[in-house]
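There are 2 protein chains.
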Amino acid sequence: MKLNQFARLTTTYSEQIKALQRIKLLDEGYEALSVQALAQQIFARFFPEAHSKTAQNEQMQKIQATASLNLADYLAGISTSFDQRTFYNIALQLLGFKVTTDFQFNHPRRFMAKVGIPYVDQPVLTQELFLEAVYLLLTTRSQNGLLYLDCLANRGFFAHWQKATAPEFLIFNGKTQPVFDTQNFIREVVYVESSLDTDLDGHLDLLETTIFRPKETEKGLRVPALYTASPYYKGTNDVDADLHNVDVPIQAKAAIQPNLADLKTGTNQSVPAAREPLGETTEPELEAADDSNYLLNDYFLARGFATVYAGGIGTRGSDGMRTCGSPEETASTTAIIEWLAGNRRAYTNKTDRIEIKAWWCNQKVAMTGKSYLGTLATAAATTGVEGLKTVIAEAAISSWYDYYRENGLVVAPVDCQGEDADVLAKLCQTRQMDAADHTKSGALFEEQLAALREGQDRITGNYNAFWAERNYRDNVQKINCDVVLVHGLNDWNVKLQNAGALWDDLRQLPIEKKLFLHQGQHIYMNNIQSIDFTDMMNLWLSYQLLDIDNHASEILPTVTIQDNTQEATWHTQDDWLNPKNPRQTYFLNDPEHLGLDQTPTTPVADFSDDGVAMFKKQHLSEAAWQDQLLAPQSDFTQNRLLLLSQAQSKQLVIDGRVQLKTKVAVNTDRGLLSVMLVDYGLFSRLGTTPAILAAKGQQLGYHWRYDDLKEFKLGALSPYQLITKGHLNLQNRHNSYQTETVDAGTFYEVQLDLQPTHYHLAAGHQLGLVIYATDMEMTLREEQQNQYQVDLGASRLVIPTLD
Amino acid sequence: MKLNQFARLTTTYSEQIKALQRIKLLDEGYEALSVQALAQQIFARFFPEAHSKTAQNEQMQKIQATASLNLADYLAGISTSFDQRTFYNIALQLLGFKVTTDFQFNHPRRFMAKVGIPYVDQPVLTQELFLEAVYLLLTTRSQNGLLYLDCLANRGFFAHWQKATAPEFLIFNGKTQPVFDTQNFIREVVYVESSLDTDLDGHLDLLETTIFRPKETEKGLRVPALYTASPYYKGTNDVDADLHNVDVPIQAKAAIQPNLADLKTGTNQSVPAAREPLGETTEPELEAADDSNYLLNDYFLARGFATVYAGGIGTRGSDGMRTCGSPEETASTTAIIEWLAGNRRAYTNKTDRIEIKAWWCNQKVAMTGKSYLGTLATAAATTGVEGLKTVIAEAAISSWYDYYRENGLVVAPVDCQGEDADVLAKLCQTRQMDAADHTKSGALFEEQLAALREGQDRITGNYNAFWAERNYRDNVQKINCDVVLVHGLNDWNVKLQNAGALWDDLRQLPIEKKLFLHQGQHIYMNNIQSIDFTDMMNLWLSYQLLDIDNHASEILPTVTIQDNTQEATWHTQDDWLNPKNPRQTYFLNDPEHLGLDQTPTTPVADFSDDGVAMFKKQHLSEAAWQDQLLAPQSDFTQNRLLLLSQAQSKQLVIDGRVQLKTKVAVNTDRGLLSVMLVDYGLFSRLGTTPAILAAKGQQLGYHWRYDDLKEFKLGALSPYQLITKGHLNLQNRHNSYQTETVDAGTFYEVQLDLQPTHYHLAAGHQLGLVIYATDMEMTLREEQQNQYQVDLGASRLVIPTLD
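Residue numbers (UniProt numbering), protein chains in the order written: chain A, 1 to 803; chain B, 1 to 803.
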């Protein structure tokens, strides 16, 4: 167990005193008090649930201070100073650690050093050192991952703040505190008028927007908005019947050489005039019936931020048509920000034209969310929309081509075989859940779907105008807000190129940018015990949206990466995928570096791509097929080349895009190359799904919601772990939009960049390179018998590393 | 999908009108209104989140009423009657069903009949029929399993009730409604003084008790209490290191013949005098820092019931010592009820002797909870304590011998190998989490543990005074409250003998009793879509604790059993395990009925009990071992006899205790017999873990908590399903407390009752009988090579059935 902490501010003693007074832990005139009197007062206040002296005393009697004295008795005997060892015996118990089970009594610092808990390193705590230690304790992470002050808040420490007549934000250690009334939020719905008419009904599309805001706004407080654009907010349609058949051939394509610039198309659809308001009100007419759905947002709701949810065009309650990643979707996303920032109208309902302003908002907005939600945050950032101060984009798509395609191939996100832009559009066209709305808009949406199907082009898999329109990175220069990216290094749904290519673009921009790479798959990271992500976001958003001068930009590392070889270990770096990272070159079939599992008689090795029939016959899951493909010997051995290094004599830290340069031939006029880089060897590895340490282990505020406490744990011995993979259509040897012919039996030079990654290959492990064609998990999978040849002598594997 | 419903009351039209007026859906003078005016008013009120006419109208515009009209437009055109088909087109949409996806538009009744949704069967709805249909709709279960009125409540239908100056319970269709303020519950802690001094400190043990009660109690309302006695409420200790080694021999025992009556011991420990109160208050001093932990309780909290949690002696915050199932634990459980009923003192803290009464309570108490929690409810019921009106005991232990032992054997609950009464006591002695409290009480608890270890006697496995003291069924005659039992037919943690033997005892008692048997393992059943368990409990508790004359006893079936062959199917019966159920006798080795997998050369078949070494060598999970033992051929084939019937020509419904009468010999002086009855054949079977249909799919009240919506689903084809099993020490051939010797090679007559069950063996399935010895999941497992012989010719399998 380690409690890494990045979001603690180091402050001066006088600032600490002011802060302790601000939270009313310390009274005026404290200087005159003895350490005894001070300690009695402060420890009593550490039990806000106890409303009498006796009740406080009884709580203190449960804490062991010294071998013979409990906290209450110990306090009765001290005078001008506090023994440091005793203080930390007590502090660890307050933080939720158990004597004997967690730490050895009277040896608190040994445990604290191991876990990463800070302490005041002086044997005797005089008044000043005692107060320093108290301040440090409040900003220390407890067993459940929450700061101790948050634990106190969850038990009512700030309860009396809710009665303030002139409520305001309370800042402690640079972060906004949960002093707001969590039991009486205002929940309301408004309709933001966009500048779109995507359902062609002659009226600008109105977008249903749900707001949760502190009741304190009714007393004059103006608050920032955390906005999550979620097409899933009102539910999703069942699209099982709409998935594309993937058991079809990859077709031979005609050679074409378009210019990238020509792919851009401008849409200059004329739109109706905006509605003319007939009145204005501050009172909405519709109460929110749906609830919030991201617990990080709820954490901030308790800390004074409004949270805002909108699904955008085509979703239930809104007008318009869903078009999966289109500029119209982006515009319907930013419309909400424009309203929050005072630059666009909203109405109380769709009929009466009574305007309602976001009068409660300080006009500063951040966006949050994962996957499609994070994608729309990225999309909004690339418009430069006014009011958007920062985005926290988690597992976000930055170009839809990189979600559904790769190098001229149809390549599905993991576990989503057959999904495509049209399917996702239908999944999210939730207007049709309301039957009468479906009657109005269903026929036009079918037309839209046909257009999406044509545009996405599953035949060639090429990058084209449709995908260019859905490449947010083309507009990266417009980004003027600060950006936080979060991605799982084992995310094979939204693949890492989405974060990697965006990061490459952001590197040059004059904005603040932060990156977090965890070891998970397609998940949020706000409830992981070993890292204070939530606190970091509090520091970040207090800085961005509340204008707190807390040095968030300097304090938060630029790049924070979770280590894959040990639990609870996070490294910081200045960059990721830095082009200057040194390269190591591996020759294939060189026994010193990467050999073949059986020595070939010639430097050319071959494999047959005939595994589909067996895959279907055995009714294998896609994951089970991958296990077999990577096994030393299986029914699929002939479908791949496996090249293995010797066990590494020292560790290798991969950081960047691994590149395979090779020459390959196929015995027909079309083909594909798939490559996996694999960590081999029977070792215990970190799980890619965090375990639940405590269900509902983290409360997000006083009388407020709970999140589960989770951590990535080392698992049982496993034979391998995928490091990264990549796919390429042999007809797209140079890029994804231009195609060349393939002649049977001809060797073609190919350079394939695998998905960007960061991977710590420990000493003793073996590096494995697996070359194959059909990927049951991701590519189309025709039953065929194609034969591939790879010129190993002409092949190189180039690995970017950290020194 | 089926929405079974048992808790709907049939009422007269005039009662329905009164009820509709009571909930303010219908106004005075409604008779004068046209159907049009009435329908416009009522449908508008079905959108309580819409606070203006326009907003209501816009919600109605989303509902398709006829092929060409939405609800708003349709209402504009009707006059004196409502078309029935149109009404149900609308009603299904209101209930959350989707046109096309769920039901065919204009054919609502076809869907309703299939799913089990009631309707008014008249083509034209005049005023009276329309209001009947509205009443019926409100009491109809929606797609998420909630009654439609509950769905309305979740969206604010009862919001204005919270402002009442003289709050009271609102009853609709016999059930209490969520009209209480869910955002401002009172959360408090008191210390109930027991009549025990189990920690021998010279003071009666004080028991920490946490209460959540509606704020409306502060305005004079007196409410009942739902009390959950949970030793886990304050967390649990880690006892991994305390588990007993199970890889040890079953030892040969001396023959003993004690009388059952002699096992009873009376404890007449003298206890200190009660504290003398020094004052009294209505204001507690300690606020609850922990939260509620059973969502069924939270459902009732929103409906006006207080919820009360206490861990009992030895748990964190309380005095005393944990002794796993002892009479002292029972007394510490009932102490809380006595306080709630006004018959015992509680104090605001442990020091000042300021008494606090349960002044807010109507002195009526029900107990809820699963596993240990339900066990303590059963324990309390067997005391006849005043104030306890009913218990809802789910998966509850009724005799601790039936939890940790079976017929003279140490037999662990599934997945709990090595656990025993001492381990569970230590798990729950959570006082020791508070280090200073541990310092005070730790040494004495170690003594207690030693006494538990001696009493539980893992050497003989016999029923003795220790277990007799922990057999609640010995006191069943004292039960004077009504009882609801709930148990999973696939629960191998708390085995079904616990429910079965208690049910046998309850059958004769002059109380109301209800039994629910679901297809789950060790789980709650309150959030299963196919059954309205929560509504039934509402009807039950409104009757028991609010004195509502709702005929709950007559309306609720006595026995409700989930079918194991199809989804969402629940049968009702008058009894379970009825001794009069007809018996079918199967001869072993008769090819017409139960043959052996290979024909034996003599009527005596043998098997060797030497599987432990292989089990360990292969590092098998216990479940994987069972799969192999039951397979036609495996590494464990020689460890069991498998007798298989022909495929059943017609269905067989087993209800009772299957009994194996046999003659068995072993080649040493000790041994055991294990038997499984198994349903064989490659079929799709119902899963024993319900799938989540919708995470947070059921909201429990307005602005209140959520439960997941779940259902048991048919799974992929599987080769077998365990029906029931049993174990017996050959030295306990006649009962669990008397032992006889075993001579090597001698055949002994044995009658083994397997765990009671109810199982639907469909036609085409085969019945399998598996006879073996060591059960890796449950028994001790010495590495040995014992040989067993079974006289098949002298064996009979007797199966109780339903006609």
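No lab work stands behind these hints: they were computed from the structure. Each hint should be verified, as a subset may be incorrect.
[As the list claims (entries may be wrong)] With a cut-off of at most 30 Å between alpha-carbon atoms, the simulated BS3-like pairs for lysine-lysine come out as follows:
hint	chain 1	residue 1	chain 2	residue 2
1	B	LYS513	B	LYS2
2	B	LYS215	A	LYS219
3	A	LYS215	B	LYS53
4	B	LYS163	A	LYS713
5	A	LYS357	B	LYS53
6	B	LYS513	A	LYS713
7	B	LYS440	A	LYS98
8	B	LYS53	A	LYS616
9	B	LYS513	A	LYS215
10	A	LYS350	B	LYS98
11	A	LYS215	B	LYS219
12	B	LYS350	A	LYS98
13	B	LYS617	A	LYS696
14	B	LYS440	A	LYS53
15	B	LYS253	B	LYS264
16	A	LYS215	A	LYS98
17	A	LYS219	B	LYS163
18	A	LYS53	B	LYS696
19	B	LYS350	A	LYS53
20	A	LYS53	B	LYS53
21	A	LYS163	B	LYS253
22	A	LYS219	B	LYS53
23	B	LYS264	A	LYS53
24	B	LYS53	A	LYS440
25	A	LYS215	B	LYS389
26	A	LYS163	B	LYS163
27	B	LYS215	A	LYS24
28	A	LYS440	B	LYS713
29	A	LYS350	B	LYS440
30	B	LYS163	A	LYS24
31	B	LYS98	B	LYS53
32	A	LYS350	B	LYS215
33	B	LYS163	A	LYS617
34	A	LYS219	B	LYS219
35	A	LYS215	B	LYS215
36	A	LYS696	B	LYS53
37	A	LYS163	B	LYS219
38	A	LYS713	B	LYS2
39	B	LYS696	A	LYS696
40	B	LYS24	A	LYS215
So, going through the hints one by one against the coordinates:
no., hint, result
1, B:LYS513 / B:LYS2, "holds, 26 Å"
2, B:LYS215 / A:LYS219, "holds, 24 Å"
3, A:LYS215 / B:LYS53, "holds, 25 Å"
4, B:LYS163 / A:LYS713, "violated, 50 Å"
5, A:LYS357 / B:LYS53, "holds, 21 Å"
6, B:LYS513 / A:LYS713, "violated, 47 Å"
7, B:LYS440 / A:LYS98, "holds, 16 Å"
8, B:LYS53 / A:LYS616, "violated, 58 Å"
9, B:LYS513 / A:LYS215, "violated, 48 Å"
10, A:LYS350 / B:LYS98, "holds, 23 Å"
11, A:LYS215 / B:LYS219, "holds, 24 Å"
12, B:LYS350 / A:LYS98, "holds, 23 Å"
13, B:LYS617 / A:LYS696, "violated, 38 Å"
14, B:LYS440 / A:LYS53, "holds, 22 Å"
15, B:LYS253 / B:LYS264, "holds, 22 Å"
16, A:LYS215 / A:LYS98, "violated, 39 Å"
17, A:LYS219 / B:LYS163, "holds, 21 Å"
18, A:LYS53 / B:LYS696, "violated, 41 Å"
19, B:LYS350 / A:LYS53, "holds, 12 Å"
20, A:LYS53 / B:LYS53, "violated, 54 Å"
21, A:LYS163 / B:LYS253, "violated, 71 Å"
22, A:LYS219 / B:LYS53, "holds, 28 Å"
23, B:LYS264 / A:LYS53, "violated, 47 Å"
24, B:LYS53 / A:LYS440, "holds, 22 Å"
25, A:LYS215 / B:LYS389, "violated, 42 Å"
26, A:LYS163 / B:LYS163, "holds, 20 Å"
27, B:LYS215 / A:LYS24, "holds, 28 Å"
28, A:LYS440 / B:LYS713, "violated, 36 Å"
29, A:LYS350 / B:LYS440, "violated, 68 Å"
30, B:LYS163 / A:LYS24, "violated, 34 Å"
31, B:LYS98 / B:LYS53, "holds, 25 Å"
32, A:LYS350 / B:LYS215, "violated, 38 Å"
33, B:LYS163 / A:LYS617, "violated, 66 Å"
34, A:LYS219 / B:LYS219, "holds, 27 Å"
35, A:LYS215 / B:LYS215, "holds, 20 Å"
36, A:LYS696 / B:LYS53, "violated, 41 Å"
37, A:LYS163 / B:LYS219, "holds, 21 Å"
38, A:LYS713 / B:LYS2, "violated, 41 Å"
39, B:LYS696 / A:LYS696, "holds, 14 Å"
40, B:LYS24 / A:LYS215, "holds, 28 Å"
Of the numbered hints stated above, those contradicted by the structure are hints 4, 6, 8, 9, 13, 16, 18, 20, 21, 23, 25, 28, 29, 30, 32, 33, 36 and 38, listed in ascending order.
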